[in-house]
Amino acid sequence: MRMRVHTRRRPSAVRLPDHAPGRHRRSRFAVVLAGLLTVAMVFTGCASSDDGAASARALRASGDGSLTIYNSYKIAGLDPIGTGTNWLFDWGVAENLLQITETGEVAPWLAESVTRDGDTRWIATLRKGVTFQNGKPVDAGAVAAALTRQIARSAAARVYLDPATKVTADGERVVLTTPTPNAMVPAALAARDNSLQIYDVAAMDAAGGDSAKIVGAGAYSGPYAITAWTPDNLVLAPYQNHWEGTPPLKGVTVRVVPDEQARIAGVRSGEADMAFYPSTSAKLVLQGEKDMHVLSSALALQSLLVEMNLKAGIFTDTAVRKAFTAAIDYRGIAADVGNGQFAAATGLYPPTMPFAADNQVHDLDQAKRLLDAAGWTPGSDGIRAKDGRKLVVRFVTQAQGPETNDVAIAMQDQVARAGFDLRIDNAEDSAAVKKDPNAWESSVALSGSLSGTADPIQPYLVRWTTDGSSNAQGVANPEIDAIGAQLRGEFDTARRDALLARAQQILVRDQAYVVAGTFKYFTVVTGPKWADYRVSSVRRHLTSQTGR
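Mind the numbering: the sequence shown is residues 27 to 574 in our numbering, read in order.
If you're looking for bench data, these hints aren't it; they were derived computationally from the structure. It is possible that some hints are incorrect.
[What the hints assert, rightly or not] Computed cross-link-like contacts, EDC-like style, restricted to lysine to aspartate or glutamate with a CA-CA straight-line distance of at most 20 Å:
hint : residue 1 : residue 2
1    : K416      : D439
2    : K460      : D343
3    : K337      : D439
4    : K412      : D343
5    : K162      : E138
6    : K394      : D536
7    : K394      : D439
8    : K154      : E270
9    : K309      : D536
10   : K100      : D258
Remember, predicted model here, so these are calculated numbers, not experimental data.
Modelling step: build the complete structure from the supplied sequences, incorporating the hints.
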């Protein structure tokens, strides 16, 4: 059943056109996301039976009906107040009140409807008959307890919601009251980043932070329950009484295999059904192997951000940052190394987003002029120098995400034409490297300008505001901070888009703090049994419908 998003606009609200000069037609995804922030909203309907990451019809003939996935990221813990538990959303373990579907529609999940009543009060009416995997009811009291615990103890939740936010049970409804107007509530209720997932608080508290004690506790409501866990191995069993019906898979194993070639070899040998996070070369390498399939999501929503270190080194000079970003050939990255897995970046956000600015420009001559004016002169090897110092860029990529290295290799030749010597550091822990301001100049990682559920505001606040939790660059711009504060409480979509447009002007054109190196389709390598698997654009890799 289709979900409906009912909105009531202010008389002054501007209806944005479906077409803009030089822009792509807006996807349904973008239009519905814009509707999230209108004056009043209600989400109603029933869950779609065919939403993303869902379809692998060949499973009917796949033997024992189990699924084995080789992944590259460790499964850090099981309690959502910690970090590294995004996978609870990804692998069908935990559920939220709201979701963003693969077609871009805001939809109910555990909530049948969510309504904003005034500027600070939100009312969620819960789906009836839902239980946690341990049999306890997912009622208003249980939901209010989970949201309250997350707001009090999760740093990720507090990006979305002020700690003074109150969540209470009112009969069968859940009432969320914010201390000030907060336009981020819908995104918070749909987020995948271990912020406001619903779980049995009593079971979680009884574990006392020990993930091993959460195994088998049935603390979540999703279609798959955790039966075994280590940071390198996750085993799931179907929850027979899931509200959408018993899931079709008999079991799921997600195993951490750091080496990409080993992940792909596992699929080729039949030990694994899927390999996640392949490099962009995988499609070429596997070309002609009829039993190997490289599948990608319908939308390229994940940006691989190129960030500059503003705390120390060459990129403390705005002219050098502008020269570096002008030297990058964004279309060339997608064409030369993407192999169909990248979409060219023309700005920080995918062009289908209504707030996206088309302001990333490759201009090699301009890059050279800027460096000339800044006193950097070419040497006999083409690399520029100033005061005896070479124009070296220590460029950090992420070993667990081979596509980040692909982007770096493409950029290496591009920026060399302007006189930069880009030296790639393919780090096992890129975040650890970036904690030392003297260890790097620039980086590209699997960080994005949109959240996993396509929200622009949460990444903005954590990456680019002065006190943002992921602001390793050291961005400290008063106007960027002020825009962030305004975005939190702006329900009007036209005004929100104007704020984001101004922010992009500062971040990309005026200061060159950050650009999108490329946009990435989520890609999976599968064996023959899963050739019909539909890859999720919003990283819901495993749902109650997967395998039907």
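Compare the structure with the hints numbered earlier in the document and write down the numbers of the violated ones, lowest to highest. The structure conflicts with hints 3 and 9, although it agrees with all the remaining ones.
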